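Asks: Top line first, the protein sequences correspond to chains D and B. Read left to right, the first sequence gives residues -5 to 356 (the working numbering). Read left to right, the second sequence gives residues 45 to 386 (the working numbering).
Simulated from the structure, these hints should not be mistaken for lab results. Here the structure is a predicted model, which is why all the values come from computation and not from measurement. C-beta: ideal position from N, C-alpha, C; glycine also. Incorrect hints may have been included.
Stated by the list, open to error - Cβ-to-Cβ under 10 Å is the rule here; a few derived chain B residues that face chain D:
1. H47
2. F124
3. E126
4. L160
5. E200
6. P203
7. A256
8. K259
9. L261
10. D263
11. V305
12. A308
13. T333
14. P335
15. V337
16. W340
Said to hold, decoys possible - DSS-like, lysine-lysine: derived pairs with alpha carbons at most 27 Å apart:
17. B:K86 x B:K155
18. D:K237 x B:K57
19. B:K244 x D:K8
20. D:K288 x B:K57
21. D:K288 x B:K58
22. B:K58 x D:K237
23. B:K244 x B:K58
24. D:K95 x D:K315
25. D:K86 x D:K324
26. D:K236 x B:K58
27. B:K244 x D:K7
28. D:K7 x B:K184
29. D:K8 x B:K184
30. D:K236 x B:K244
What the hints assert, rightly or not - Pulled from the structure, derived: some chain B residues nowhere near chain D, Cβ distances all over 10 Å:
31. R66
32. K86
33. M128
34. G360
Spelled out, the chains give:
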Amino acid sequence: MTHQFPALSPEQKKALADTAQRIVASGKGILAADESVGTMGNRLQRINVENTEENRRAFREILFSSDTSINQSIGGVILFHETLYQKDSSGKPFPALIKEKGIVVGIKLDKGTAPLAGTNGETTIQGLDGLAERCAQYKKDGADFGKWRAVLKITSTTPSQLAIQENANTLARYASICQQHGLVPIVEPEILPDGDHDLQRCQYVTEKVLAAVYKALNDHHVYLEGTLLKPNMVTAGHSCSKKYTPQDIAIATVTTLLRTVPAAVPGICFLSGGQSEEEASLNLNAMNQSPLPKPWKLTFSYGRALQASALAAWLGKSENKKAAQEAFRKRAQVLACRGQYVLSGKTDAAAMQSLFTASYTY
Amino acid sequence: MTHQHPALTAEQKKELSDIALRIVAPGKGILAADESVGHMAKRLNQIGVENTEENRRLYRQILFSADSRVKKCIGGVIFFHETMYQKADDGTPFVQMIKDKGIVVGIKVDKGVVPLAGTDGETTTQGLDGLWERCAQYKKDGADFAKWRCVLKISEHTPSSLAIMENANVLARYASICQQNGIVPIVEPEILPDGDHDLKRCQYVTEKVLAAVYKALSDHHVYLEGTLLKPNMVTPGHSCPTKYSPEEIAMATVTALRRTVPPAVPGVTFLSGGQSEEEASINLNAINTCPLVRPWALTFSYGRALQASALSAWRGQKDNADAATEEFVKRAEVMGVALLGE
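Only chain B is shown next, with the shape it has when bound in the complex (with noise of 0.2 Å):
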């Protein structure tokens, strides 16, 4: 505890901490297109197209064939495994065309949720054996930040203290061997928006929360200036009885952050959790104009928020692709400008 070994050395530190900065620059955001198979399958699912390989090939290829325009609200996209090895229909490996457009590449490292034997049907998240090993590829193989999911939920008696301190850890287990690979983390400890609890609930729960994982990482002698973190926004549960305001939303939010993320932390990338394209692009700018000084970019990492227009415009058909193109195009922009706190 006394004695330092560091870690990583000074050209380390600035390659991570070039990394995400370059991701979190101004107006830009992340399009997390991770969506496990299955998660996938869902999506799918909803615009009644088949959860083939070749369909998830095609419908990636719609988002990552935006034109320039992405590039000034774009700073990253995270990818699942499967996609960072599939190409456009011209061969061009989709990688490449992300990092062509100046944007930076991300991988999904987790192997999802298992649950803790003696709670009340809370998880932890796996992954970690062999993650330095699968770092290390992902960054010969062109990314260059991953993206590590774990979960909470809110109910009479969770979050427990063992599910606060177990998904700290592990995040910061995963954060500390991705630094060694070069590999920007980005910390994301989701507290779902289930249940019928108020936005005052969940700030004190995302407070405690957020608490934990940074002594985590502080413990695990994680360099905080290359990592960004994904939480929720605080809001209320999702049959809350009680309607909030962006502003409300984005007080309690930026509140809970300032007590807890400490300003060296560049950025901190939200989560869309459920909510419609119109509401994520709202409280993030309303975010973006709350009155408190916020020492960190405040931007978004969105799925749903940022591809449900570009996916029922596809509904599979392939002469629909550049009409769902440019929906995606306007919503990224949206996101941007929501940034600008207009």
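Just chain D, same shape as in the assembly (with noise of 0.2 Å):
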């Protein structure tokens, strides 16, 4: 505890500060396009296509294949395992595809969740066995950072101080690995919206779950400045009676990370936990108009408010693709954070549909 074994050189930290500023840099977010296989069939299921490899592949394409001005919004791709080796109809490299836009690319590294015995249903991630190889792997097939979900729920009884405990321990031994191997570990402490328990409680339960990660992350020595947060925004229960709105939650959120994640943290890049494409961006633009302090960049990390659009209006044929890519790249332009968002007049019905799965697992 008093003697330093530095984890990192100076060049490490260097390198890992400089990729993860390059992600949240002017306003831009992160696509967290690594929907497992099993995920990618609920998606494609709603729009009736089958979920084969090369329908996963073929949308994947449209997306990482969108104009190079996409990196004016975009600043990381997340990919799943497979999807990291896949490659576009020339022949090129999903990795390379992306990179050459400047956007960095990102890859999934945990392995799911795995129960908690003696809790009420909670849950610890799986994935750090041989995590130092596979990082290695990765970090030479063009992957720049990575990706954790921890999953929490709020109950009456839960979460539970082993779960929090447990789970932001996990967190902070994939983090300290994943920068050992040069890559820019997100650190994602999901609290599901499941329930209706009301803002407050939600934000009682965030607070006390990001001062134990970060807890975790000083114990194992990571550095903070070459790693970024992926929360929940700070919301009511799913069932929750009680409207709130966009700046009810701004201001939720933004204490709640105020008096949590230190200022060395470049980005919060927030997780849009089922929140219509609509409102995952009225409530971040809330957040970036709102008084309060901001020392770290905030935006976001979206699958499904990023994609919803775009795979409504693919529906699996070729045909379509120019059309979904204009949907993608539209929404993708409103979220880069600059504050400016409005809700728009005639809300398109994927925009407003709300994507929430209960339970959601990846």
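If you follow the hints, you should be able to join the two separate chains into one complex; please do so.
Replies: Right, here's the structure in full:
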């Protein structure tokens, strides 16, 4: 505890910090395109497209072959393992396609949830075994950041002390290993929106969880300037009868972050957690416009909330490629944190459709 | 852990937050005038003055008689218990003299260090017994903030996990009790500058200590917006052979704080820890010009570094009182200017 055994050299630190800052530079955010095979199945099913490897490849190609100007809104893309090794129709590997636009490539590193015995249905995350070797390989293959999603839920008895502490600890181990291999770890302690709890309850739980996460990161000697945080926004539970405005959500969220996230963390990229494309944009905008101080960048790491319109425009048909790309480009643009997003007059159905799936697992 | 039982009402939070912001308002810092009787003995000894209650009263009167020039550079004064109940020659209570200048009154509430058995000479701090009642009384008597000092030291095997955890816990208990009584707690986890360790070692230890402190404050449901932090600057040990510039000290200090102190904390009021008046203001200035983003006020809570000149000007002579007061005012103004980062 009293002597330092430096985990990283100054060069390693600089590389990590530079990558983290590039991802969240100038209002850019992250496209979370790392849906597992099963989750992609859900997405494709909604538009009646079969969940084949080719269809998954085709849809990702639509996103990644967007015009280069997409790099003004998107700073990083998170890929699933399968996708990292897929190619576009001309045979170009997806990582190369993304990197040549100046966008940073990321890789999902966790291996899903595992139950915590003796708890009320709570979980931890697996994936630490051989993680060092996997990180080294992914780095060679083009990735510069990683993502690991821990999941907590709010009920009358959860999250428990064990769940908070265990998930914080695994996040810290993952982060430490990533950094050793030149990958910026995105730390994602998602507190699910399932439940009827109000905004205050979510705020309280989020504060406790984030305090535990940052204590664990400190204990594990993680270099904060070379990390990003991917938290839930502070919102009421999905079945909460009380309604809150984007401003309520903004204040609760930013207050929580001010109380727990050190200023050394360069960026906070919110998950959309089942919010519709509209809501996710309005809430992020409200945060960036709120008068509260923000020593970190506040941006997005959205999956559903960036892709829903594009999926609906595509419908599995190659002739719809341009329309799908345009839908994606527009959504990315409004999100790019310039605090100018205004609720669109005629909202299209896909944008408004709540993307909530109970107890969401990737 | 999952249900909140709010410790404070919205009104209580607002009151605490307002007090904290007043203390660290732009350009202002704290005069730490809370030296215990024993501590004052050392100070007075150095200028050949006897350590009597009257001499301590006369000395504090010199400081508190400062004119309105101090209003723009002093946001709070920390008192020792005895001083809270002393008066000026004309019968005006000291507390009132300070409040009349629009300065917030604070009170030292810890009861000194005690050993932690089984450690290499480490300590914790006592004072929790009856703290609630004491805080309630001090609030009635004019105090709006308090101070509690924990002490850690750097050596081959220290600070140990126990020392860090125990001191963090006791600071959090103190902070929680203060807030319940409308008093803003200044949280002071001082890491002594004794030793030959270098700047990096101090930075590493400071980061570990502050991370533990803020985890404990979160665990104890302390309202961060209604607290202040009084840490050491990150410096090499006193006997370290390597010399560092004020910019290096500033960079190490601000980096450590950025990694551990949540932006919700309104202000960081550094202790001077044995630095000379000169050093203390130069380092503070460098901290305020450091190019890193600093989301809290960064100011001073100085004892020696604000009083040394005044003490030696006074030397216990009544005729020197005005000159001594003037020395203090000048030093306070210099500190205020150091904050502006010019």
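Asks: Which constraints among the numbered hints does this structure fail? Numbers only, ascending.
Replies: Numbers 2, 3, 4, 13, 14, 23, 28, 29 and 30 - these are the hints that the structure violates, sorted from lowest upward.
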